[in-house]
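Protein chains: 2
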Amino acid sequence: MEVTVLGSGSAYPGPLRGASAVALRLEHGETWIFDCGEGTQTQLMKSRTKTGKISKIFVSHLHGDHVYGLPGLLCTLSLNCSSAPGQQGQCLEIFGPVGLRLYLRVALRVCSSELMFPFTVHELEPTSDQSPPAGLPDPDLTACSPPPHPQERPGRTLRPDPESDLYPLLQDERVSVSAFRLFHRVPSFGFCVQERDRPGRLRVELLKQLGVKPGPLYGRVKNGLSVRLEDGRVLGAGEGVEPGVRGRRVCVLGDCSGLVGEGGRRACQGADLLVHEATLEDGLREQAEERGHSTPSGAAALARDCAVHTLLLTHFSQRYKPAGGPGGAGSQGGGVTWGGRGRRAGA
Amino acid sequence: MEVTVLGSGSAYPGPLRGASAVALRLEHGETWIFDCGEGTQTQLMKSRTKTGKISKIFVSHLHGDHVYGLPGLLCTLSLNCSSAPGQQGQCLEIFGPVGLRLYLRVALRVCSSELMFPFTVHELEPTSDQSPPAGLPDPDLTACSPPPHPQERPGRTLRPDPESDLYPLLQDERVSVSAFRLFHRVPSFGFCVQERDRPGRLRVELLKQLGVKPGPLYGRVKNGLSVRLEDGRVLGAGEGVEPGVRGRRVCVLGDCSGLVGEGGRRACQGADLLVHEATLEDGLREQAEERGHSTPSGAAALARDCAVHTLLLTHFSQRYKPAGGPGGAGSQGGGVTWGGRGRRAGA
Ligand SMILES: [Zn+2]
Ligand SMILES: [Zn+2]
Ligand SMILES: [Zn+2]
Ligand SMILES: [Zn+2]
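If you read the sequences in order, they're chains Z and S. Quick note: the first sequence, position 125, residue 125 per this note's numbering, numbers continuous. Quick note: the second sequence, position 222, residue 222 per this note's numbering, numbers continuous.
Just chain Z, with the same shape it has in the complex:
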């Protein structure tokens, strides 16, 4: 997995820091986008990310600096569609809080935006403790239901699993994604992407040398059990397989001054990467909390509590200029990247 911060600025897209957006390139080639502030499509063009590979978009919360780039991104994905095999025929899945479907539908329909691919919006239903009352969705607004876009497919309404306190979003043979609740001026969510562990491959050459023939013994070896060979020797547990690849876990949090419930701690526990906001410096903690935001120390405390491997801070107030100037981190250059190959369990 590889994570690219396309925009590290809060509130608005400035010339030196784009608005919030993170690209996650998965091992099998798809790219997922987390938040999509105004200008995300332009930041994508500047980065090495291939827009044709974008298959899912996750929106943490409905503030403009996280979502105003979404209609334009969809239009541009569509323009590039002929060269975008990731999109052809495939349904683009979009996840975000209740209200996202209405916003996207009106933005695309009022602007007669034709799309070459179907899309669906799955809405996360927040709980009433995720924001001050004024930040909760307005039922008069969300009751408004204009006719769907011709390419829109019905989406689900998602609620937290009472046991785990997590919103199950999707899972397939490679990866699973869940969301968890955060506190902010409006309800906000974090997303946890968990790769599945991959068992090690059989060391076929070694097994041949030992005279083990394909058959039931291979199954035992593959499952990491010890086996007794025909000549009486014993092949120890795990000796017949390559080390397995442990699935990695990446958590990307929306704006927040803290977690709500137990889901977030559970999701972030032992994560390889935690992407967390740090809008204001530690000296302005009170001001940050008042606005539903975090500071670097606050983010670090969560990372430490959860034994996270790497903490990546983002969503900096535009008052903080990138150290590198116009080409600096998270700015024009196309973003900061984290990632590399999978780490091997036991290696």
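These are computed hints drawn from the structure, not numbers from a lab. Treat each hint with caution, since some may be false.
Because identical chains cannot be distinguished in the list, a pair is counted as satisfied if it fits within a single copy or across any two copies.
[Unchecked claim] Listed below are the simulated DSSO-like cross-link pairs for lysine-lysine, each with C-alpha atoms no more than 27 Å apart in a straight line:
#1 K46 x K56
#2 K321 x K53
#3 K46 x K213
#4 K321 x K46
#5 K222 x K208
Please read these numbers as outputs of a predicted model, since none were measured by experiment.
Once you've looked at the hints, dock chain S with the ligands against the given chain Z.
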């Protein structure tokens, strides 16, 4: 007046050309924005335009590359409001085709965008000959009426004056603005900004020397009439006043393959500046027309027919890269500018 092209690209905001937006700085200090594609606020920050002076926004048509930057621009104007005297208390007026009010309302309300100033959306009702039938506003969509934003003030619905074929938008003692109809894939409009002529000031020193006393004679002199002095001499017509300042006329057109009706020709006649799209090169005229667009020759023909002084082309397909590279015209640098001081009539 001074015109700055903030984005000269069609379809989407690219790294080298922003999406459509033009800033017009008026003599009395206000700035008006014509079209507001995604990223306009960032282009504004790079330019010399003072966001605090923005008092009116005109949207030519409801394609994303002309309007997806509008909600974000309003939010950012509001953030800068304490340092923005142009906005304080004053109502931001927004003009655009039917559908704009719904789009803006939903975008601002879904995203809980608080604004520090009131705004109003005046909608232009297109006629059925401004686009193919598929491009006309969908009544099922525009019937949708979510509750207004707390800062939203009621706006007008504007129709063309049957005599002049122009939509009268506003007029005050300094300037008047009208709109006219264009043909495009969706109904599109052009805007004509006309400064009022300013009469020349009295040449008070000269009048004193000639012994003319303040009184009724001053009125005659000011009105450019000849007067007989007490000593029998005659002061010729216009000799007692400075040359007047002819009001200039700037026309900014939205995407189009041509005019609809007589309004456009009337508005553009003798304009000092015509801002016209030229999406594709002359060799691709058929393709351009099919998509409701123009070529440089098409734009030049209109400019010549209307005896326009200066033609400024914009809205270039992103396939055409700026000659100057990343810092070239209409790109990162903050825009191409036209303008200067008023020309004096008869000077
Ligand atoms: Zn934010
Ligand atoms: Zn936020
Ligand atoms: Zn356009
Ligand atoms: Zn257009």
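Status of the hints after comparison with the structure:
Taking the shortest Cα distances, K46 and K56 sit within 27 Å of each other inside one copy (20 Å), while across copies they are farther apart (32 Å). In the homo-oligomer, the alpha carbons of K321 and K53 lie at most 27 Å apart only across protomers (25 Å), although the nearest pairing inside one protomer, at 31 Å, exceeds that limit. Taking the shortest alpha-carbon separations for K46 and K213, neither the intra-copy value of 53 Å nor the inter-copy value of 70 Å comes in at or below 27 Å. Taking CA atoms no more than 27 Å apart as the test, K321 paired with K46 passes in both settings, with 19 Å inside one copy and 15 Å between copies.
Proximity of K222 and K208 under a CA criterion of 27 Å is satisfied intra-copy only: 14 Å inside one chain copy versus 110 Å between copies.
Violated hints amount to a single one, hint 3; each of the other numbered hints is respected by the structure.
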